[in-house]
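Novice: Here is what each chain is made of, one letter per residue.
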Amino acid sequence: MAEAFQFELVSPERLLVSEQVESVVIPGAEGEMTVMAHHAPVMTTIKPGVVTVKTAAGKEERYVVFGGFADIVPAGCTLLAESAVAVGDIDRADLTRRIQEAREDVADAKDDQTRSKAEQFLSQLTTLEGAILPA
Amino acid sequence: MPSLKDLRNRIASVKATQKITKAMQMVAAAKLRRAQEAAEAARPYSERMGAVLANITQAIGGGGEAPALMTGTGKDDVHLLVVCTAERGLCGGFNSQIARLARDHIRKLLADGKQVKIICVGKKGFDILRRDYAALILERVDLREVKTLGFINADAIAKKVIQLFNEGGFDICTLFYSQFKSVISQVPTTQQIIPAGVGSAPAEVAGGGNAVYEYEPEPGEILSDLIPRNISVQVFRALLENAAGEMGAKMSAMDNATRNAGDMINKLSITYNRQRQAQITKELIEIISGAEAL
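Residue numbers (this note's numbering), protein chains in the order written: chain A, 7 to 141; chain B, -6 to 287.
What the hints contain is simulated information worked out from the structure, not anything from laboratory work. Please read all numbers here as calculations on a predicted model, not as lab measurements. Backbone N, C-alpha and C fix where the C-beta goes; we use that ideal spot for every residue, glycine too. Heads up, some of the hints might be wrong.
[Unchecked claim] Mimicking BS3-like on lysine-lysine, the simulated pairs with C-alpha atoms at most 25 Å apart in a straight line are:
#, chain 1, residue 1, chain 2, residue 2
1, B, Lys153, B, Lys174
2, B, Lys24, A, Lys116
3, B, Lys15, B, Lys174
4, A, Lys116, B, Lys152
5, B, Lys153, A, Lys123
[Claimed, not checked] Residues from chain B that keep clear of chain A, each with C-beta distances beyond 10 Å, as calculated:
#, residue
6, Met42
7, Val45
8, Ser175
9, Leu219
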């Protein structure tokens, strides 16, 4: 059994998770990464996606996050999510609304740079939708 | 001298008022608890955010990479004040205290020849500031329809501020809100959010490895993403503190009102009873003297 470390998932509204976990899968901006104990210090932005937490007790929990930051040090990992919900509680209407907003952003984008950024965000959202909601 | 009937009516009306203030006090107490919980729940995020920010600023080392939101424009000619107050009154001096602080600040800035712009969050502050500085108010954010303050509300305000900054609308942004000390004490506070004064946050020591961080993507890029978010967080915190403070102020104001109404009822009842007694005595005297005359 792998060594446990402290993991915290915080959204602006509240502290969602603060416990000892075995591993965490984070949707990093430059690719998914699995964090385990004694990970080298990394700071990364995260994209909308699913965070999979494997607790020290052996349970597996999944949370949907919409962007944010991860601060990883050997002793623990803190995930500052812009908004986070457990996969079981995801609100389909909310997700649809976010996608709609992202579409509008793409349409409104004035220059290429913002447009490509908005498009990227939109595609991340739609992938996310496909991943967590059965058609 | 009011008649017995007048007194009875007045007692009844004060009693009705007392019932209302009592109910308002209880509602405020319940809301206060919820607002306090919300404020407490939001604390870890802003704390961690502060730690991360301090960390990353250190990594950059104040180099030219830092985004303008952090370093400012280098001028301080145009000031933007974001004044957060409550949407409703009947909460003692809560709103007027914040407004007074803002007004003093505005007066000072104007005396120094600076340009001032105001964004009002909440109706009450807008009503007060409109009297003197209607021309300076850019916008009024209405949160009356909002049942529970969410991060989205704060984010929307922060986005507006940042957009204005990017358009070169102002140089320095200050947030006015009331800090929630306790149920009976709320302290009006100012906080400068742009340029962000990050340096004050002590560097995080946990893990001990803040020197060898790896950044994904580059620190500068993370920072330019993080700073706007930090501003949203600051606004969010201010709104939550305000909400808790408003409820605290309302609770004590309503408690006072209830007690005052109680005192008034007591006084009125004494006058009423005395008068009733006097009338009874008078009637008795009339009857007795009438009987004696026979």
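Novice: Taking the hints in turn, state whether each one holds.
Specialist: Results for each hint:
Restraint check for lysine 153 of chain B and lysine 174 of chain B: not satisfied, since their Cα atoms lie roughly 29 Å apart, outside the 25 Å limit. Distance restraint check for lysine 24 of chain B and lysine 116 of chain A: the Cα-Cα separation of roughly 43 Å exceeds the 25 Å cut-off, and the hinted pair is therefore not satisfied. For the given pair, lysine 15 of chain B sits about 24 Å from lysine 174 of chain B by alpha-carbon distance, which is consistent with the 25 Å threshold. A C-alpha spacing of about 17 Å is found between lysine 116 of chain A and lysine 152 of chain B, which places the hinted pair at or below 25 Å, so the restraint holds.
Taking the CA atoms of lysine 153 of chain B and lysine 123 of chain A, the gap is about 19 Å. The hint holds against a cut of 25 Å. With a least beta-carbon separation of about 6 Å from chain A, methionine 42 of chain B fails to lie farther than 10 Å from that chain, contradicting its non-interface assignment. Distance to chain A contradicts valine 45 of chain B as a non-interface residue, since its nearest Cβ pair spans about 5 Å, not more than 10 Å. At roughly 22 Å, the least C-beta separation between serine 175 of chain B and chain A is larger than 10 Å, which holds for a residue marked as non-interface.
Leucine 219 of chain B, annotated as away from the interface, has a beta carbon of chain A within 10 Å; the closest lies near 7 Å.
Consistency note: the structure conflicts with the earlier hints numbered 1, 2, 6, 7 and 9.
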